[in-house]
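There are 2 protein chains.
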Amino acid sequence: MTDSIPTEELFQNAGVRATQARTAIMDYLVESGTHPNTEELNAALAEKGLKIPAATLYQNLEKLTSAGLLIRFASSDGQVRYDANLAHHHHMICTVCHRVADIRIANPLSSLAIFDARTGDPVLRWTFENAEIELKGRCPDCAGT
Amino acid sequence: MTDSIPTEELFQNAGVRATQARTAIMDYLVESGTHPNTEELNAALAEKGLKIPAATLYQNLEKLTSAGLLIRFASSDGQVRYDANLAHHHHMICTVCHRVADIRIANPLSSLAIFDARTGDPVLRWTFENAEIELKGRCPDCAGT
DNA sequence: GTTTTTGCAAAACCTTTGCAGATGT
DNA sequence: ACATCTGCAAAGGTTTTGCAAAAAC
Chain A
158 MTDSIPTEEL
168 FQNAGVRATQ
178 ARTAIMDYLV
188 ESGTHPNTEE
198 LNAALAEKGL
208 KIPAATLYQN
218 LEKLTSAGLL
228 IRFASSDGQV
238 RYDANLAHHH
248 HMICTVCHRV
258 ADIRIANPLS
268 SLAIFDARTG
278 DPVLRWTFEN
288 AEIELKGRCP
298 DCAGT
Chain B
158 MTDSIPTEEL
168 FQNAGVRATQ
178 ARTAIMDYLV
188 ESGTHPNTEE
198 LNAALAEKGL
208 KIPAATLYQN
218 LEKLTSAGLL
228 IRFASSDGQV
238 RYDANLAHHH
248 HMICTVCHRV
258 ADIRIANPLS
268 SLAIFDARTG
278 DPVLRWTFEN
288 AEIELKGRCP
298 DCAGT
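Going line by line, the protein sequences match chains A and B. Numbering-wise (our numbering), the first sequence opens with residue 158 and increments by one. Numbering-wise (our numbering), the second sequence opens with residue 158 and increments by one.
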């Protein structure tokens with residue numbers, strides 16, 4: 158785990174101005190470690206007393222994403238989500254409480270036994286670049302229920 | 158590979174009427190083995206001379222999905238896509254030509270070495286249900302370029 | 001003949017854009 | 001002071017809804 162760099166400094170290094178809305182968005186994503194969509198993000202900030210207009214929110218998310226301070230991705234349900242964890246990682250999603258945990262999978266891609274789903278033949282002639290893996294299951298709190 | 162069941166029969170078993178648009182959608186997805194979004198699907202059917210209004214297309218995709226004849230999923234770019242391959246499988250996407258291949262991964266979930274991306278600790282206390290894996294790389298045709 | 005589906009038009013929804021005033025550097 | 005950002009209003013694109021005519025069973 159890396160030491161956290163102050164948000165101000167992050168913004169300065171990236172050439173992005175430190176405005177109230179922007180700082181709040183970034184801080185929330187870093188501190189909560191969550192992966193909200195715009196609606197969830199807006200709700201979370203509203204609870205903290207910060208109402209950000211839709212246009213401003215979208216503009217900031219675009220800015221922070223293109224500046225490389227956030228990652229934008231889509232979960233398998235199609236929701237566009239934002240993530241302050243820039244290191245390559247995967248997600249594990251609780252099917253009960255929908256908690257999302259960031260995970261690292263140590264197995265190398267080359268250890269995967271990949272077959273063509275139609276023919277059953279091994280898939281040999283592709284070159285692999287990366288994988289996005291979404292695991293679903295029950296988190297410790299929900300596993301017992 | 159299972160033998161293909163006639164579309165008419167599939168519809169009858171699922172209690173879904175066999176209309177022209179619906180049959181064309183289903184046949185196209187089965188025959189092409191592709192995973193189009195609505196726009197691509199509409200374009201493909203238009204090329205075959207079948208122009209389906211947006212409302213009808215959406216209604217049919219919803220009907221076929223809820224009847225269990227199609228699977229709806231979102232690729233990591235956020236596009237909602239439809240798939241007539243009902244067997245559990247994953248996708249491998251060419252980063253050059255965007256071809257999508259259906260793949261099966263033989264390794265059991267339990268063989269994955271999963272660590273918490275924040276703490277580095279092994280993730281032990283979750284129960285796993287399934288995984289959605291999207292591999293990216295280059296297909297045989299594009300690997301050489 | 002009854003129920004479902006089509007396909008038009010309208011509505012709802014999410015995201016982007018234009019721009020004047022406010023804010024950050 | 002200058003460039004950027006905010007936030008309102010308006011536009012754009014996609015998906016859903018209402019409903020009368022058409023088609024399927």
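No lab work stands behind these hints, which were simulated from the structure alone. One should not assume that every hint holds.
Since the list gives no way to pick one copy over another, a pair counts as held whenever it fits inside one copy or between any two copies.
Claimed, not checked - As a list, the in silico DMTMM-like pairs of lysine to aspartate or glutamate whose alpha-carbon atoms are at most 20 Å apart: (1) Lys-205 - Glu-286; (2) Lys-220 - Glu-165; (3) Lys-293 - Glu-188; (4) Lys-205 - Asp-278; (5) Lys-208 - Glu-219; (6) Lys-208 - Asp-273; (7) Lys-205 - Asp-184; (8) Lys-293 - Asp-273; (9) Lys-205 - Asp-234; (10) Lys-293 - Asp-278; (11) Lys-208 - Asp-234; (12) Lys-220 - Glu-289; (13) Lys-220 - Asp-234; (14) Lys-205 - Asp-273; (15) Lys-220 - Glu-166; (16) Lys-208 - Asp-298.
Only a predicted model underlies this, so the values are computations on that prediction, with no experimental measurement involved.
Okay, the hints, checked on the actual structure:
1. Taking the closest pair of Cα atoms, Lys-205 and Glu-286 never come within 20 Å of each other, the shortest separation being 40 Å inside a single copy and 35 Å across copies.
2. Taking identical chains as interchangeable, the C-alpha atoms of Lys-220 and Glu-165 lie at most 20 Å apart only when both belong to the same chain, with a minimum of 15 Å there against 50 Å between chains.
3. In this assembly of identical chains, the alpha carbons of Lys-293 and Glu-188 never lie at most 20 Å apart, being 24 Å within a copy and 30 Å across copies at closest.
4. Within a single copy, Lys-205 and Asp-278 get their C-alpha atoms no closer than 54 Å, and across copies no closer than 31 Å, so neither meets the 20 Å cut-off.
5. Proximity of Lys-208 to Glu-219 under the C-alpha cut-off of 20 Å is restricted to the intra-copy arrangement: shortest distance 18 Å within a copy versus 35 Å between copies.
6. For a Cα distance limit of 20 Å, the shortest separation of Lys-208 from Asp-273 qualifies neither inside one copy, at 49 Å, nor across copies, at 33 Å.
7. Taking CA atoms no more than 20 Å apart as the test, Lys-205 paired with Asp-184 passes inside one copy only; the shortest distance there is 12 Å, against 51 Å between copies.
8. With identical chains, the CA atoms of Lys-293 and Asp-273 are at most 20 Å apart between copies only, with a shortest distance of 15 Å across copies and 23 Å within one.
9. For a Cα distance limit of 20 Å, the shortest separation of Lys-205 from Asp-234 qualifies neither inside one copy, at 27 Å, nor across copies, at 30 Å.
10. In this assembly of identical chains, the alpha carbons of Lys-293 and Asp-278 lie at most 20 Å apart only when taken from different copies (19 Å versus 27 Å within one copy).
11. Proximity of Lys-208 and Asp-234 under a CA criterion of 20 Å is satisfied in neither setting, with 27 Å inside one chain copy and 28 Å between copies.
12. Neither within a single protomer nor between protomers do Lys-220 and Glu-289 lie at most 20 Å apart by alpha-carbon distance, with minima of 24 Å and 29 Å respectively.
13. In this homomeric assembly, Lys-220 and Asp-234 come within 20 Å of each other (Cα to Cα) only across copies, at 18 Å, whereas the closest approach inside a single copy is 24 Å.
14. For the homomeric pair Lys-205 and Asp-273, neither the shortest alpha-carbon distance inside one copy (49 Å) nor that between copies (28 Å) is at most 20 Å.
15. In this assembly of identical chains, Lys-220 and Glu-166 lie within 20 Å of each other by CA distance solely inside one copy; the values are 16 Å within and 51 Å between copies.
16. In this homomeric assembly, Lys-208 and Asp-298 never come within 20 Å of each other (Cα to Cα): the closest approach is 32 Å inside a single copy and 50 Å across copies.
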